[in-house]
Structure formats: structure tokens, C-alpha cells
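Numbering (this note's numbering), first residue to last: 1 to 310.
These are calculated hints, taken from the structure and not from any lab test.
Just so we're clear, the structure is a prediction, and the values are computed from it rather than from any experiment.
Heads up, the beta-carbon is just placed ideally off N, CA and C, and yes, glycines get one too.
One or more hints might be untrue.
As a list, the in silico PhoX-like pairs of lysine-lysine whose alpha-carbon atoms are at most 25 Å apart [claimed, not checked]:
hint, residue 1, residue 2
1, K149, K229
2, K181, K281
3, K233, K121
4, K121, K171
5, K144, K225
6, K281, K121
7, K282, K181
8, K281, K233
9, K228, K144
10, K282, K144
11, K225, K76
12, K181, K171
13, K76, K229
14, K229, K171
15, K233, K144
16, K282, K121
17, K76, K181
18, K121, K181
Across the chosen pairs, the derived CB separations fall in these ranges [stated by the list, open to error]:
hint, residue 1, residue 2, range
19, A107, G221, 49 to 55 Å
20, L147, H192, 40 to 46 Å
21, S235, R165, 25 to 31 Å
22, R165, P140, 30 to 36 Å
23, E111, A261, 33 to 39 Å
24, K144, K282, 38 to 44 Å
25, R179, A261, 38 to 44 Å
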Amino acid sequence: MALMANSQPPSPLRLSSASASASTLSLVSGRTTSPDCLPRSQKHSFQNIRTPRYVGDHYPLIRTISPHLIPAHVAKDHSAIFCARSMAQMHNTVIRAINSSYNHALAVRFEDADDFLFFNKQLCAMIRHHQTTTDTYLFPAIEKLLLSKTGGDMNISSKIAEHERFMHSFKLFEAYVQRTKPAEYVGRTFRHLIESFAPRLIQHLHDEIPVLTSAWVLDSGELMKAWKKSHEKASRRAGSQVQACWVLGCQDRSFQVDGRACEFPNVTGLVHWLVGRLYGKKHERAWRWCPSDLQGRRRLLPPEFACIAR
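Whenever a hint applies, use it, and build me the whole structure from the sequences.
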């Protein structure tokens, strides 16, 4: 996501694109790398995508919001930090689901195909919903604040072009998930479709985080207003108990971002229990494909699946 400036001095937000390219992963080529220039803590985020141990392992998760982009004088409670952390955890929800689908794809039996496809329908709906929220509400609002603050902008047209690089392949995957009957499911075709869009999508999800971190140049209160308004609109568009179960099943309560436990989704243990009891039963066979149980406990990949997943 390139960030542009007019005749004004370069905004710190313009650094985010370069910083992202230096610190994110070589996903498009199908490899992960660990540049020597990265801090030691960030090097640990690079995973070997060939040997999954857990259901949610394959493509790398976001483990840092790149706090080095924020000068020391910026308040530790600036809303840019909250927004970047929240977005990273939302993105990790999607990445875990993609990883789970990738790892399970070749071992899905005929009698399980319908539930597996249902799980992936929720994945497609979440990707669509998230892209609509960020493109329609959040980033235009941040761009407006940036224009008034620094005279720079977020170059939305460039971001849309970035989406087009993976959206065509994603649409093919989405069509397969929506239209395929259980008897027609072919694991290798399904996995090939994931491989056609996931690397570029996940690279995009990684690249968005430093952009939000670099929003420290904006007024913290104004940025939080934009975030909350976007969140409210997104919540009205979602509102599905089925999606709630899916989201809970794609969390990892042991996962940390920059050494801190994750806060997403910000619900109590009672809500976790109620969602599982009231809404989880109807599609419980579909939630078997989640990378975690509905309490956020990671699921190990059975040895026979691990061999197939390589």
C-alpha cells in the first residue's frame, strides 16, 4: 500500500511501504526468508511452511506491528498502536483459517466434504467482509485525516490495484467453494486454488499493519473515532452467529504479538461458552476444521495429515 505526499516534506507514513517490504515475507514466491537486517525478535516470526505441526500452521502469521516505526516521544497509548494490533489479530484469524484449509484439503473424505466446504464459505465471507470494511470505511477515513494533517494521502487507487492481483484468483476459489457439491470435491484442485491467491493476499495482510502503525502522525482521538465508526459499520454488516463461531475457532489464545497476549476478539469467557453452547452445535461438524476449538486452544495436526500437508 503505497503512501504518497504532495509538495509537503515526506510524511512518516511514507516509510511504511519500504519498511513493510524489508520486514515482511516472501510469500509470492512460496518461500519465507529472514533478512539479516531484521531484529532478532522479528526473525522468530518466520516459519518453515513445509512442516506444519498445528492445524493453523503453514503461511506465516503476523507477529509484530513494527513498533520501531513509532518515535520514542509518541505516547504508548496512541490509538495507532491499538489499531495496528487489532488489525494484525483480525488478519491472523484469516491466515489461520487458510492454513487449516490448506492442511486438511487432501484428506477430506466424501462424507466430510459438505462440512469442509461450509467452513470455507465462512472464510470467503470473512475475506469479502474485511476487504469491504477497510476499502470502503477505514482507509478512506484515515486518508482524509492524513490529507488534513500532512497533505499526504494513502493512494487508494494503488491499493485497489494491489487487490486486483489476488482478487481474480480468490473469486475462482470462492466460486469453487460455493458451487461444488460434496461428490465433486477434489482436494488437489482445492489446494491449487488456495495456492493461486493466498500468497499475495497474505502478503497484502502483512503489508497493511505497518501502515496503521505509521498513523502515529495523526491525532490519537481522531484516529480512534475513525476506527470505531468503521468497526460499528462492519458489525452491522456482519451480525452472524455462524460467523461468531467461525471467528472463535480461528483464534489461538497462546499467540502473542510483540510479546503481548492478543485481545481479539474482546469477549469474556462466558460469551465464549454461550456461543459454543447456543450457536456452535448446529454446525459443529464444520467447526472441526477450525485451527482451534471454540476456546482458542490450538489443534495438533494428526501425523497422517502432516504427511499429506507437506
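Hints and how they fare:
For the given pair, K149 sits about 20 Å from K229 by alpha-carbon distance, which is consistent with the 25 Å threshold. For the hint pairing K181 with K281, the CA-to-CA distance comes to about 23 Å; that is within 25 Å, so the pair holds. This hinted pair checks out: K233 and K121 have alpha carbons roughly 22 Å apart, not beyond 25 Å. A threshold of 25 Å between alpha carbons decides the hint, and for K121 with K171 the separation of about 12 Å falls inside it, so the pair holds.
Taking the CA atoms of K144 and K225, the gap is near 13 Å; set against the 25 Å cutoff, the hint holds. This hinted pair checks out: K281 and K121 have alpha carbons roughly 18 Å apart, not beyond 25 Å. Between K282 and K181 the alpha-carbon distance is near 20 Å, which keeps this suggested pair within the 25 Å criterion. Distance restraint check for K281 and K233: the Cα-Cα separation of roughly 28 Å exceeds the 25 Å cut-off, and the hinted pair is therefore not satisfied.
This hinted pair checks out: K228 and K144 have alpha carbons roughly 16 Å apart, not beyond 25 Å. In summary, the hint linking K282 to K144 is not supported, as the alpha carbons are separated by about 43 Å, beyond the 25 Å threshold. Using a Cα cut-off of 25 Å, the hinted pair K225 and K76 holds, with the two alpha carbons roughly 18 Å apart. Distance hint between K181 and K171 is fulfilled; the C-alpha atoms sit about 17 Å from each other, no more than 25 Å.
Using a Cα cut-off of 25 Å, the hinted pair K76 and K229 holds, with the two alpha carbons roughly 22 Å apart. A threshold of 25 Å between alpha carbons decides the hint, and for K229 with K171 the separation of about 28 Å lies outside it, so the pair is violated. As the CA atoms of K233 and K144 are separated by approximately 18 Å, the hinted pair is consistent with the 25 Å bound. Proximity of K282 to K121 is assessed by CA-CA distance (about 16 Å); at most 25 Å being required, the pair is judged to hold.
Note on K76 and K181: the hinted pairing is violated, with a Cα-Cα distance of about 51 Å set against a maximum of 25 Å. The hinted pair formed by K121 and K181 meets the criterion: a straight-line CA distance of about 13 Å does not exceed 25 Å. The given range of 49 to 55 Å is respected by A107 and G221, whose C-beta atoms sit roughly 50 Å from each other. Look at L147 against H192: about 42 Å separates their beta carbons, and that is inside 40 to 46 Å.
Distance hint check for S235 and R165: the Cβ-Cβ separation is about 29 Å, which falls inside the suggested range of 25 to 31 Å. Our hint of 30 to 36 Å for R165 and P140 is violated, since their Cβ atoms are close to 20 Å apart. At about 38 Å, the CB distance of E111 to A261 agrees with the hint of 33 to 39 Å. At roughly 42 Å, the beta-carbon separation of K144 and K282 lies within the given 38 to 44 Å, and the hint holds.
Remark: the range hint 38 to 44 Å for R179 to A261 is upheld by a beta-carbon distance near 40 Å.
Of the numbered hints listed earlier, those contradicted by the structure are 8, 10, 14, 17, 22.
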